[in-house]
Amino acid sequence: MNKKQLERWSPALLLLAIIVIWEVIIRVFGVSEFIFPSPSRIWEQTMQHKAIILSHAWRTFWVTMAGFGIAIVVGVLLGFLIGSSRLAYAAVYPLMTAFNALPKAAFVPILVVWFGIGVGPAVLTAFLISFFPIMVNIATGLATLEPELEDVLRVLGAKRWDVLTKVGLPRSMPYFFGSLKVSITLAFVGTTVSEMTASNEGIGYLLISAGSSMQMGLAFSGLLVVGAMAMAMYELFSYIEKHTTGWAHRSTQRGG
Amino acid sequence: MPVASAPAAASDDAFVDFENVWLAYNDELLASNTFAVEDINLKIKQGEFIAIVGPSGCGKSTFMKLTTGLKMPSKGTVHIDGQPVTGPLKISGMAFQAPSLLPWRSTLDNVLLPLEIVEPFRSQFKDRRKEFEERANNLLTSVGLGGLGSKFPWELSGGMQQRASICRALIHEPKMLLLDEPFAALDAFTREELWCILRDLWEAQRFNVILVTHDLRESVFLADTVYCMSRSPGRFVVKRDIPIPRTRDLEVTYSREFTDIVHELRGRIGAMRKAGMDLVQ
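From first to last, the protein sequence lines are chains A and B. Following the working numbering, the numbering of the first sequence begins with 778 at its first residue and continues without gaps. Following the working numbering, the numbering of the second sequence begins with 189 at its first residue and continues without gaps.
One or more of the hints may lead you astray.
Claimed, not checked - Only pairs whose alpha carbons sit at most 27 Å apart, straight line, appear in this in silico DSS-like list of lysine-lysine:
(1) 233(B) <-> 936(A)
(2) 943(A) <-> 259(B)
(3) 314(B) <-> 936(A)
Said to hold, decoys possible - Partner residues are not named here, just some residues of chain B that face chain A (Cβ under 7 Å, in silico):
(4) 256
(5) 280
(6) 282
(7) 284
(8) 288
(9) 291
(10) 292
(11) 433
(12) 434
Hints in this document: simulated from the structure, not taken from any laboratory. Computed from a prediction, not measured in an experiment: that's the story for all the values here. A virtual CB, placed ideally from N, CA and C, is assigned to each residue, including glycine.
Please build the complete structure, drawing on both the sequences and the hints.
Dropping the structure here:
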């Protein structure tokens, strides 16, 4: 029981330990605030600028969610397409892999030319960086159907569509939720990177402007806020995953 | 396919009728005369229980695919119930060695799955759900899974999952049940238990059964007729009627008559294997 509780609180304890050690090192060695601010100083600055930080954070949050929303729709549709057709899989997959290898930050200047400074490039960068895992996971879930199960259904006269909706999609749900957890954190990366060069709002912009005015505490607050948002969303999807596809986790725990 | 051949097949009183059936999996293999099964001639009576035994990879599964219409023969014809087979037959149910139940559905919902797909149940599914559920529950009770319908498959043991899988194959009251080594992964006691369950289901409903198995005792205990297949090319080489009277009790498996038949089949398969080896050399 005690061990279980320790396991549960271990992330919080580790975080606390890191903060304490960080604070101690900064104080003992007298590191300048302009090089590396202490946690207490970061907290002070966060509180001091909280209205500004909050407005930038809100902007980053909804821009990310918009990009992520598009990524879900496009990822699921593309994944469905390439997972359900061998031809589409053969045709699309290599190109998609090549596309995924491109650094998404490199798209930002192009997107700026097309959509101007502001929301457009940020939403699209978040989308571009996060749809790939969703697509791959949906496709994998659909493409790895057991042939025997397919035979059982086809003998009954099931159409391809029946097989996909009755078996393929539910079966790929654990893969889907797994990919959402990865994708949402990527989407925050996409938004922040885009905002750093192509926006006058958002945490990315805040980071750049704080850095250029040597407000290191504020820059660190920005990082803190992005990290907190990404972690919160990760936990949210993790929670949804556990409560909708518990069968997948329990069956693996029991070794099938 | 000439329609005239249909009544002829029906007058033979054969429910399943294979005439000179050959199957190559693709055109390349066909061109090189490599067949998965060769020259199959087989007549199965209405309600007959047959078993097919043979070494692994001898085309037993191919035979199943031909019978269900999942594959079309390269040469020859297959008639089922007097009709030439042109596509998947909805009058059959299948179960395999792996129970392949869907883990996100309760056992009851797994058993109900075929009714969500096969007409005419499919269009009535919403209206008659209560009735269907009752039918599924009765079926589950008849195989000893009464009251377990709400459990998920992964909460059941291997033998229980296999019973549920057989229920799923039978829920739409098929005329033909195809079983591909359904008991191979179970322990000996559970296997014999399930033999009796299958026997009881069959005696109550008298559907056709085609059971593919490695186990000679299983085939002799359950079937009316046992066929042996040879390996590549897959051919039926032995047909043996099992005259042991019904209802067969597990005790029968220790009788002289039973073991003699098992021995005889074993001898013939052994001879066949030896001949096959000689051919290879």
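Tell me the numbers of any earlier hints that the structure contravenes, in ascending order.
1, 11 and 12
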